[in-house]
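Line by line, the protein sequences are chains A and B.
The first sequence: position 52 = 51 (numbering that gives the first Met the number 0), numbered continuously.
The second sequence: position 230 = 229 (numbering that gives the first Met the number 0), numbered continuously.
Warning: the hint list may mix true and false statements.
As the list claims (entries may be wrong) - Facing chain A, according to a computed beta carbon distance under 7 angstroms, are these residues of chain B, among others:
id : residue
1  : 28
2  : 31
3  : 261
4  : 277
5  : 364
6  : 365
7  : 369
Hints were generated in silico from the structure; no laboratory data involved.
Values in this document were obtained by computation on a predicted structure and should not be read as measured data.
The beta carbon of each residue, even a glycine, is placed where N, CA and C say it ideally should be.
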Amino acid sequence: MGTRADELFDYVQERCLWQFHSRTWDREQNIAGIIAKAQDLLAGREPAAETPAERCFVADAKVMVADFRSRFPWIREAPEAEISEALNGLRDRLVDLTIARSRNHELTHTLY
Amino acid sequence: MPMVLLNCDQDIPERERHIYFKVPGEDTRDYLPVANAPTIPGTLSERGCSFCGAKLVIGGALKDTIQMIHGPLGCAYDTWHTKRYPSDNGHFQLKYTWSTDMKESNIVFGGEKRLEKAMHEAFNEMPDIKRMIVYTTCPTALIGDDVKAVVKKVTEARPDVDIFVVECPGFGGVSQSKGHHVLNIAWVSEKVGTVEPEITSPYTINFIGDYNIQGDTFVLERYCERLGIQVIAHFTGNSTYDDCRSMHRAQLNVVNCARSAGYIANELKRLYGIPRLDVDSWGFNYTAEAIRKVASFFGIEDKAEELIAEETAKWKPQLDWYKERLQGKKMAIWTGGPRLWHWTKAVEDDLGVEVVAMSSKFGHEEDFEKVIARGRHGTYYVDDPNELEFFEIMDKAKPDIIFTGPRVGDLVKKLHIPYVNGHGYHNGPYMGFEGFVNMARDMYNATHNPLFRLAAIDIRDAGAAQIEEAA
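Here chain B stands alone, though its shape is the one from the complex (with noise of 0.2 angstroms):
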């Protein structure tokens, strides 16, 4: 089947390449949403901008590390608050934000003294953080304020601290993942190889692509530990700013994300000749698959199938308890772009649910082979969607559970079909083997809540017997 031009869209057409309808017989060769390109005019987008890529999703995630948004006070409020990503160290990340609030008169006659002024500022309110991101916005990017100059001059007036500059506002590329890349080529290219590691362990790893949304850090840590392997840095979850600047000392790059990741992992086999092992840490059968690739890297086996069978004894039978209640279940997959891959053999195999409908918004045309390879038939695939399109899916997959972040959450209780967070979580963490019987628990409380069918219900007329049946 050629790709779908939905009854909303008839007005703009273009949307047609970006939306497949998997049918027996057919492969990427075949067909592949473009993606990664220009939202066109006429669809309302549900994609952020590319600065937020850099801060929200990939710094922000730093525990120790100020980041200082040089922009107009929102840019800073947007990617606070909404990236549930905890740390060891008192969630610093999560209760701070900074900003320049940059205003018109700073704006008509230059910022950089005001963010030489806020830097210094920051660095004395919180005399303990000797670590900086500084990221321009939109605004003082097109302004031409001259970060690095300004940098340069704090980082002279203040030998002790080190500053990291992202330059990507957010008209640097079409979405988030521009700002992914930003961030990670320039990280590689400044910062990886200025600090030497202390080497515990002669297993080293570096984990690229896992934020610690709501404690997934913490248990792929755990399960390191007990293999006995070192991870030096985790890109970017519950780490250091400094934890990141050594990662060319691992023996082997672990990744869980898709270009973003890519990005940095074939930089560092291309210059430090790190191999990069891709691996999925949702899912049991997932989560078994991974740990036996590492440990065969360093060949601790034994220690993994160990691992793998006390695991599998604790939490399979819970997981085995949610199946059977979920089994048949038909689950849309709203999200970013990796998660479709992820997720969607992971939910079939371990939990008999089937995924009938996914989104990525700044996903690749490399998510998209990796999930059209994965995914069912008879499912849509659809890159950059807008909000009609989403109402139009829905309708014709009529999925039982939607996956998604909290923009779209709002337009699926209006649909009053139930929605677990995609992006941060109801109640993570969901990677790992304990993480998908938490996944597992969501979808079931979300399926089994009466509340969506009854909020359905008018109550005026012969609606409130109905209630009171319910009741």
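In isolation and in its complexed conformation, chain A is listed as follows (with noise of 0.2 angstroms):
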């Protein structure tokens, strides 16, 4: 049986278009964005959204936390730090597959 970061990154990988973005940059601002984004919202914080790029972070992440608490239940009850762990597991499953050990040659291609 997989960890809760397991789970959470299953998920992610099923649904989420913005970790796979065209380049390393923007994958690596979405995933950053995102993650925090969704950290405020499970922790019941109103996440900043001042900036264009911010308040699309939290679009992003509103629908993601929506389905983790329909999906895992134990989110719903874990304490804040659990919650922070799995995310920052989720994370760094994410950077690994996407950026760090991704085999698409274009991530940072010149003509690209």
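Please dock the two separately framed chains into a single complex, following the hints provided.
Quick look at the structure:
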């Protein structure tokens, strides 16, 4: 049986297009930005949404968090520290799969 | 499981790098088909050319623009009538095609004068049309016609027109994808920001990567109207040339396509700070999710929930009727690129259909990352397939229905497997809630049509009795 981070990772793999944007830089921005907003939402805090980029991250994070809550009952009960640990694990897995060990040769291609 | 070398590819083992069969315990860190690579000798590719990618897919959808193709006549015909993207102004873009009809003497002596004459002729014949895209093709690029110089002359003579040049001949890249790339980047560099749109709503978006196939744009436009969102430009379905010059004024870029759309969205993000929101607009679940995300960006979630509830009440019973009858059917998606990952989970979640084989003609590695992440185990994922691979994989995967284009569609007939046009649709639109019901209806009609089974029976002997029995 996988960890909680694995459960979240499997969900994101299946549902979220933002992890697979075209370049390394926008993948990094999306993963960091959306997971940070999800941390706030899951902790019951209103995420900052001052800039257009932040509002976009919040839009993606809200749908993801709503699905997390409906699919993974543990996330409604878990203390903030445990949720944070799972989200950090999710972020590390996403960075590893979509950036660090991605076989996509175009992520850093000068012509793209 | 490693990449797959099919029996038909024994003499071209390079093809192994392009075909993957997904099994549990693997992901795209382990295996990813090589994509957007040159087609190798010995394989009969189903790809189109780079010029086709620019003209047929992107520029050709504009509803108020002369598409002047500087080349032999065939380049115009072959990129004209196969894409079914209507418009709300009487389908101007589908009624006409324009070509400089280059002949041997023009190739020998140069085609610039012929191009200039053709441009003036087109504007004179259609005095209400003031916008034009000029495309180079293989021969006119090879002989070095200076298209931009001709455009400068014509523009000086006609100050009320605006002309855009796409210099992407057929040989410009490995597939259609290069044409998407060249047109999009040049458009942002040269045209975006040159027209100021009238802003009619506090909520403005561009919808990038929807080409109004059989009215997809009209469905999305209705949703936006109900949410009070102004679409400054659909890039490029049912859009005007000037709509797409105004894209810099949108607050959000909603992206439905893949790399071609990503190029333009990333450039708009870099130049104008417009964020990029990628969505799926095929499928019930996905459409609702896309509406929620866009509405959330603008803080109008209540309106979104109202719209989703109304549409769900209207269309879900019909979708469920089809789902009951399509449950467990196996499907192959043999199309261009993005529809693989847009559709594979949508048909599985919303219709109970299993996608068992998918191929992409012009997708990039990004498309394969997406589709392998979403797709099922026990499914083939193929880049730039050839015809023999198609037959071999169909034999292994045994789909009940194949979504592909008209060219592969003719091959499908030989297999007596029903085919639905996965590019131009059979009876679309397919986007949005109602669109997915249309798609389900076409799948149901195709898989329950007895003709395919009957056509496989040889009526000369015992088969005659079977036919009579079936009748």
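Hints, verified against the model:
1. The interface hint given for residue 28 of chain B is met, as the beta carbon of that residue sits about 4 angstroms from the closest beta carbon of chain A, less than 7 angstroms.
2. Look at residue 31 of chain B: its Cβ gets to within about 4 angstroms of chain A, closer than 7 angstroms, so that hint holds up.
3. The interface hint given for residue 261 of chain B holds, since its Cβ lies 4 angstroms from the closest Cβ of chain A, which is under the 7 angstroms cut-off.
4. For residue 277 of chain B, the interface hint holds, the least distance from its beta-carbon to any beta-carbon of chain A being 4 angstroms, beneath 7 angstroms.
5. A least Cβ separation of about 4 angstroms between residue 364 of chain B and chain A falls short of the 7 angstroms threshold, and the interface hint therefore holds.
6. Using the Cβ-Cβ criterion of 7 angstroms, the hint placing residue 365 of chain B at the interface with chain A is satisfied: the shortest such distance is roughly 6 angstroms.
7. Taking 7 angstroms as the C-beta contact cut-off toward chain A, the hint placing residue 369 of chain B at the interface holds, the least distance being around 5 angstroms.
Hint compliance for this structure: no hint is broken.
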